[in-house]
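Taken in order, these protein sequences are the chains called A, B and C.
Just so you know, the first sequence maps onto residues 1 to 245 in my numbering.
Just so you know, the second sequence maps onto residues 1 to 292 in my numbering.
Just so you know, the third sequence maps onto residues 1 to 346 in my numbering.
Honestly, I wouldn't trust all of these hints.
Unchecked claim - In the DSS-like style, the derived pairs of lysine-lysine whose C-alpha atoms are separated by at most 30 Å in a straight line are:
id: 1; chain 1: A; residue 1: LYS109; chain 2: C; residue 2: LYS331
id: 2; chain 1: C; residue 1: LYS222; chain 2: B; residue 2: LYS287
id: 3; chain 1: B; residue 1: LYS287; chain 2: A; residue 2: LYS71
id: 4; chain 1: B; residue 1: LYS185; chain 2: C; residue 2: LYS222
Said to hold, decoys possible - Per the computed footprint, the stretches of chain A lying under chain C, defined by three or more beta-carbons under 8 Å from a beta-carbon of chain C, are:
id: 5; region: 66-78
id: 6; region: 105-118
id: 7; region: 154-161
id: 8; region: 232-240
What the hints assert, rightly or not - Pulled a few chain B residues facing chain C out of the computed Cβ check, cut under 8 Å:
id: 9; residue: ASP89
id: 10; residue: LEU143
id: 11; residue: ILE147
Calculated from the structure, these hints are not laboratory results.
A virtual CB, placed ideally from N, CA and C, is assigned to each residue, including glycine.
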Amino acid sequence: MALLHTKEVTKRFGGLIAVNKVSFEVEKGEIVGVIGPNGAGKTTLLNLITGFLKPDFGIVSFDDEDITGWKPFDIVNRGIARTFQIVRPFRHLSAIDNVMISLASPRSKTRNQVNSTTQLQEVAAEILKLVGLYELRYESAGNFSHGNLRRLEIARALATYPELLLLDEPFSGLNPIEIENLSESITGLRSKGLSLLIIEHKLEHLFKIVDKVIVLHYGEKIAEGKPAEVVENKKVQEVYIGGEE
Amino acid sequence: MLIESVLIQGLISGVTYALLACGFTLVYGVTRILNLAHGTFYMLGAYVFYVLGFGYVGLHPAAALIVAPLIVGLIGVVCYILCLRPIIDDYFGIMVVTVALALIFQQLTLIAFGPQLIPVASIISGSLVIGRTGVTYSRILSLLISITVFFGLWFFTIKSKTGTALRALSQDREITMLMGINVKKLYVFTIFLSTLFAALAGILIISSVTRQLTPTIWLAPLSLAFSIVVLGGLGSIKGSFFGGIILGYVENIVVSIMPGGGYLVDLVAMIMVMAILLIRPAGIFGKYVERV
Amino acid sequence: MEIKFNTLGSILKGSMKTWLVTPHRLLALVIITFSFLVPSIKLDITLLRSITLASISAIFAASWDLLAGYCGQPNFGHALTFGLGAYGTALLYNLLGLSPWIAIPVNLLIACVISVIIGFPFLRVRGPYFSLMSMVFPQIATSIILLFKDVTRGDRGLPCPTFFPFLTITERRIAEYYMALLFLLVSGIIMYKIANSLRGRIFISILDDELASQSCGINITKYKMQALIVSNCFACLAGSLYAPIVNLASLWTFSLTFSFYPVIWTVFGGVQTIYGAIMGAVILETLDRYILNVVVPVPQEWHMVIFSIPIVIFIIKWRFGLVRLIVEKIKNISGKTSVVKESHGG
Numbered sequence: 001m002a003l004l005h006t007k008e009v010t011k012r013f014g015g016l017i018a019v020n021k022v023s024f025e026v027e028k029g030e031i032v033g034v035i036g037p038n039g040a041g042k043t044t045l046l047n048l049i050t051g052f053l054k055p056d057f058g059i060v061s062f063d064d065e066d067i068t069g070w071k072p073f074d075i076v077n078r079g080i081a082r083t084f085q086i087v088r089p090f091r092h093l094s095a096i097d098n099v100m101i102s103l104a105s106p107r108s109k110t111r112n113q114v115n116s117t118t119q120l121q122e123v124a125a126e127i128l129k130l131v132g133l134y135e136l137r138y139e140s141a142g143n144f145s146h147g148n149l150r151r152l153e154i155a156r157a158l159a160t161y162p163e164l165l166l167l168d169e170p171f172s173g174l175n176p177i178e179i180e181n182l183s184e185s186i187t188g189l190r191s192k193g194l195s196l197l198i199i200e201h202k203l204e205h206l207f208k209i210v211d212k213v214i215v216l217h218y219g220e221k222i223a224e225g226k227p228a229e230v231v232e233n234k235k236v237q238e239v240y241i242g243g244e245e
Numbered sequence: 001m002l003i004e005s006v007l008i009q010g011l012i013s014g015v016t017y018a019l020l021a022c023g024f025t026l027v028y029g030v031t032r033i034l035n036l037a038h039g040t041f042y043m044l045g046a047y048v049f050y051v052l053g054f055g056y057v058g059l060h061p062a063a064a065l066i067v068a069p070l071i072v073g074l075i076g077v078v079c080y081i082l083c084l085r086p087i088i089d090d091y092f093g094i095m096v097v098t099v100a101l102a103l104i105f106q107q108l109t110l111i112a113f114g115p116q117l118i119p120v121a122s123i124i125s126g127s128l129v130i131g132r133t134g135v136t137y138s139r140i141l142s143l144l145i146s147i148t149v150f151f152g153l154w155f156f157t158i159k160s161k162t163g164t165a166l167r168a169l170s171q172d173r174e175i176t177m178l179m180g181i182n183v184k185k186l187y188v189f190t191i192f193l194s195t196l197f198a199a200l201a202g203i204l205i206i207s208s209v210t211r212q213l214t215p216t217i218w219l220a221p222l223s224l225a226f227s228i229v230v231l232g233g234l235g236s237i238k239g240s241f242f243g244g245i246i247l248g249y250v251e252n253i254v255v256s257i258m259p260g261g262g263y264l265v266d267l268v269a270m271i272m273v274m275a276i277l278l279i280r281p282a283g284i285f286g287k288y289v290e291r292v
Numbered sequence: 001m002e003i004k005f006n007t008l009g010s011i012l013k014g015s016m017k018t019w020l021v022t023p024h025r026l027l028a029l030v031i032i033t034f035s036f037l038v039p040s041i042k043l044d045i046t047l048l049r050s051i052t053l054a055s056i057s058a059i060f061a062a063s064w065d066l067l068a069g070y071c072g073q074p075n076f077g078h079a080l081t082f083g084l085g086a087y088g089t090a091l092l093y094n095l096l097g098l099s100p101w102i103a104i105p106v107n108l109l110i111a112c113v114i115s116v117i118i119g120f121p122f123l124r125v126r127g128p129y130f131s132l133m134s135m136v137f138p139q140i141a142t143s144i145i146l147l148f149k150d151v152t153r154g155d156r157g158l159p160c161p162t163f164f165p166f167l168t169i170t171e172r173r174i175a176e177y178y179m180a181l182l183f184l185l186v187s188g189i190i191m192y193k194i195a196n197s198l199r200g201r202i203f204i205s206i207l208d209d210e211l212a213s214q215s216c217g218i219n220i221t222k223y224k225m226q227a228l229i230v231s232n233c234f235a236c237l238a239g240s241l242y243a244p245i246v247n248l249a250s251l252w253t254f255s256l257t258f259s260f261y262p263v264i265w266t267v268f269g270g271v272q273t274i275y276g277a278i279m280g281a282v283i284l285e286t287l288d289r290y291i292l293n294v295v296v297p298v299p300q301e302w303h304m305v306i307f308s309i310p311i312v313i314f315i316i317k318w319r320f321g322l323v324r325l326i327v328e329k330i331k332n333i334s335g336k337t338s339v340v341k342e343s344h345g346g
């Protein structure tokens, strides 16, 4: 049984169809990539899954439950966490406080079983260790570098104890070494039981870690399969290499 | 009260309140500035009109009607450049500064003119009889001017290049900026128009309906304007127009039917606002507003 | 009620010694002790009265900061619940003969109900609707007061009995002074604790980025509502203290000008600090009531102008707030490198 299942999910903005009857699944323990040219509807799809946008048609179901149209925080508490394409830190708070916000969510509270603020801080510190921000935990997020902000986003998402983690262009703005480290962390997370859906443009790095890839173009799913298969796909080649230019 | 009276007066005051609301919604739609000082320009328009037309300067009222809004429009632009433009991205600071400006202008007017109610003569005297009720020429003039301005604005935003740019800005600020349109100038222009409309509305309503001038005259109409804007849709000119007419009627009906109705208008308007936020937060013509 | 219990408990449990050692807290303790000793040093009734009213204004200001500076919902009609407290006490006495002491919890209850009624439609939607319409609520209250002018005496104001009918005038003023100071101390500590708790951090997350806060699993409407209720309750408390001390509930307490004063005080002192709002209110109110009225009399209409213009300049030039700037300087001297480290460590 699939962990995440979207069925003909559609979103229109006025006359423009941003996402057009996209159906796909993410199995438990899978890492799925979502690729496609700019404007293909990848982030919109992400927003539809996480409740930041309501689909005009179609169903999103998670763990056999219909979560279509749920409010974003309810979806987070159900077990889906996400990061944003352009980072959104809480600039007035320290790194550890940023993570504590997630720890204050109902889902985290039931999984933590800790009550005092000091204990929560310890949990937050542990999570920051995972992403390599332990040293900077008391620094204000407003002062962080771009790379560190990305790590903080992931820490915040992890602190909601998700079953499924959605990453929106996590490699953006990182150098190859940082991407290597992040890729390692991602596969590490999978071995801990997390499933992942990753939107990315840096195909070379993405293909190393995903089990399968979905290709979007003008809001439609034009291909799905293992990275090697998708690369051979004629339509995909047209879209990425040939085409209008 | 007479039905004709309510029907006609509701329309007249409604359209003129719509003009006031429209300026506010225009500024928010294009620049995302919540100009809480909008009502001040309503008041300043009336005071400048008074000073020019009936006070010390002695212009013909028709000339004052044209010059006063222009002067107040300039004041609005100056305020924007000095106080708002430096902090344009700080929505919190902008709200605080606009309220501060509103109170500063109010107090300065109070200091200059005193708190007493100043009677304001209408621009045209005399009245017309329609059915069983009388309508002053002054109110008819107010109606005509407001409708003309509204339709002028409407055509302007649809036909002209600048107008289209304004619509583009209100839909997607970032993309419009990337298209090489001179956003700075457009912002100044929008503020100028918005302030001008507020001043014009102030002159029209005070000279035809209220007939009295006092520094706090702007509070009640601004509340009504806010209600209109929420009902019609934040950022929608069409919404202001129809929202204004609806609330103009509501105001007239409440005042006519209920004892002490004058004191209940803002409560009724607020209940309507709360209802629309519960049912359809975007307002009648507004873009989709998310429920959080 | 749950909030207040937790914070009181943590004050008692926490180690008072380590809490006091830092210089800025030592300074706070000095100021507090000094203010309690003022009547013994100089018994100037007018000055005492100014500080009494300034203390009440400080509660009013701090409550604004909690909602606006921490949770990001600036309220331009904060006078609504202040006036509710004032008129509530006066009306409860005039209609039902209730003592102003009993009126306090009754007013607070009404403030909670009103907060929920207002909060529900306005806080649930994305957009500036709450701040936009906040100006209108006190005007509606004013209209209702004027509508029922037979009972409320309209714009003449409603007389309100004192808290201490059994004392002489001078004794009363001294009692009111200590009462206001005590209420300020307790209210300030409670609000400060809330602001610096995990809940306070959640408020800040809502201010910083509502979408990100939601993606952390936070129900932002619930927390905004909490902030609104607490903010309104303390403002209502301030109003409930105010009317019996000035013996009058007037429409001034519902005015837009009065709603804007806590904004001025908080911006002057420094937003998002609680203590900034308190000190800003105390300093500016004493300036307003004592120096601008008694020492160097300035016509009342000018007061708002004198305070507003610097605030506009403050916001455009730098948003830090004077008191906050000074406190940060002191903290830096004491060797704290990271401001943020202090505020959540404990």
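Self-check item: Broken hints, by number
Solution: Going through the list in order, the structure violates hints 1, 4, 8, 9, 10 and 11 and respects the others.
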